[in-house]
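Enquirer: Chains as they are written, first to last, in the numbering used here: chain C, 519 to 779; chain A, 519 to 779.
Check before you lean on any hint, since a few could be wrong.
Copies of the same chain look alike in the list, so a pair counts if it fits in one copy or across any two.
Listed below are the simulated SDA-like cross-link pairs for lysine to any residue, each with C-alpha atoms no more than 25 angstroms apart in a straight line [to be verified]: (1) Lys749 to Trp710; (2) Lys723 to Tyr763; (3) Lys749 to Arg668; (4) Lys766 to Gly699.
Hints are computed from structural coordinates only; laboratory data are not their basis.
There are 2 protein chains.
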Amino acid sequence: MTIDRPVLLITNDDGITAPGIRALIEAVKDLGKIVVVAPDSPQSGMGHAVTIGEPLRLYQVQIFDGIEAWESSGTPVDCVKLARDIILNYKPTLCLSGINHGANHSINVIYSGTMSAAMEAAIEGVPSVGFSLLDYRYDADFTIAKDVVRTIAQKMLAQKMPDHTLLNVNIPIATKETFKGIKLCRQANAKWQEEFDKRVDPRGKDYYWMTGKFLNMDEGTGTDVEALAEKYASVVPVKFDLTDYTMKDKLQNDWGDIITK
Amino acid sequence: MTIDRPVLLITNDDGITAPGIRALIEAVKDLGKIVVVAPDSPQSGMGHAVTIGEPLRLYQVQIFDGIEAWESSGTPVDCVKLARDIILNYKPTLCLSGINHGANHSINVIYSGTMSAAMEAAIEGVPSVGFSLLDYRYDADFTIAKDVVRTIAQKMLAQKMPDHTLLNVNIPIATKETFKGIKLCRQANAKWQEEFDKRVDPRGKDYYWMTGKFLNMDEGTGTDVEALAEKYASVVPVKFDLTDYTMKDKLQNDWGDIITK
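Chain C on its own, in the form it takes in the complex (with noise of 0.2 angstroms):
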């Protein structure tokens, strides 16, 4: 089929309900058909998790102001590919998600199901973005992150992107005054470091609660986390060969007793 206007794939994995999805709608609505498939329950630390063991379901709901909406029992990823295979049929021009509320900048990439449900797009040919504000709060302030939205949207639509584009974004907690700018970034090693709050349940049985503290290990410059604590939104091109040939090379050298060329 041919498309006349830019079609605009929008999830999240805070749930078709969080305020942040509703901000990302707002930010580009103008710019093409909007087509809304996201989980009905919040979905954060899923990953790249999909739904293999249990049936899916998918029902159309009137929540958002004139655009065609979904809301699934599915993960983030699970929502990519039940828009691709059973409501478009086609591939959307751009694949956004996101505003998450909170961070998904450094390792966390890979915990987070913002990002996955982006890469998924991704994977597919659809150029594909991830949105997250560094503020874990629901009734946090979306102004500067729908600016940062709306400015990469465009920029996307305006020229052809490569098909397996993807960008992880993340927006500082910053008013119009102390924002500084778009800037891109490697990914950062950084990550959080668990610990666990142990408790006792009424029956006596232990149980546990994951909490835990953010830790930069790195030392080198051009990082996502750097540039948020500048204030800068940060832009990460993410690629999915995780590969690490460098590794692969060293092995091929110290292992050949047991490694068939």
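Since chain C is already given, all that's left is putting chain A on it; use the hints.
Expert: Chain A only, in chain C's frame:
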């Protein structure tokens, strides 16, 4: 603390009662102290999911003769985090995940709970391997797989591996006669193409089962998919800096007007 013997942390995503984890333990149990921490139920397709919205359970169980074992309500990644923070309180020498019932080659690395558990340990600085056998059956024959596990584990114990070493090892269905050896590979550009099987429940509502077929879009050589088809076990070294540096340079050039230097 000082550790006299190597400590091998063992986990999986098929659950602690799966034959694959029992085969893995049998393959390496004389190589060091074994500590098993695995999900109490199957977690296939969980990707790098973590449990942040609900509490985790963790119980010691006696199901492997003479081996310390724990089961958790969490995901494979949760199990590795719990092992480190609650059970061990020190870094194990290696983390071995699997043996998965089914393939985790090519781009499936990002959907795989088996590989995510190994990646979690590698991020923490523990050299790690995920093992998968290309046989989904409960009664799969793990003979060749166990030989491969043991060979690689011995090699990793015999030399000091870089802390963040992470290997994705897949093993073909083969006999001693047809098995060709172990080959270092790159991740193939190949993936499952999902389809959804639509059904109607007894109350007249639609639901979907995810199905699909495997597509190899990779026209090059040296891939894991190619090696497996030739009856080699494939070893792909994996990294978790997902930054696409080539795309970063391209965007720095193309998007000058919205990017702050």
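Enquirer: Each hint should be assessed against the structure and marked as holding or not.
Expert: Here is what the structure says about each hint:
Taking the shortest alpha-carbon separations for Lys749 and Trp710, only the intra-copy value of 21 angstroms comes in at or below 25 angstroms, while the best inter-copy value is 40 angstroms. For the homomeric pair Lys723 and Tyr763, neither the shortest alpha-carbon distance inside one copy (47 angstroms) nor that between copies (49 angstroms) is at most 25 angstroms. Taking the shortest alpha-carbon separations for Lys749 and Arg668, only the intra-copy value of 18 angstroms comes in at or below 25 angstroms, while the best inter-copy value is 50 angstroms. Taking the shortest Cα distances, Lys766 and Gly699 sit within 25 angstroms of each other only across copies (17 angstroms), while inside one copy they are farther apart (38 angstroms).
Checked against the numbered hints given earlier, the structure breaks only hint 2 and satisfies all the rest.
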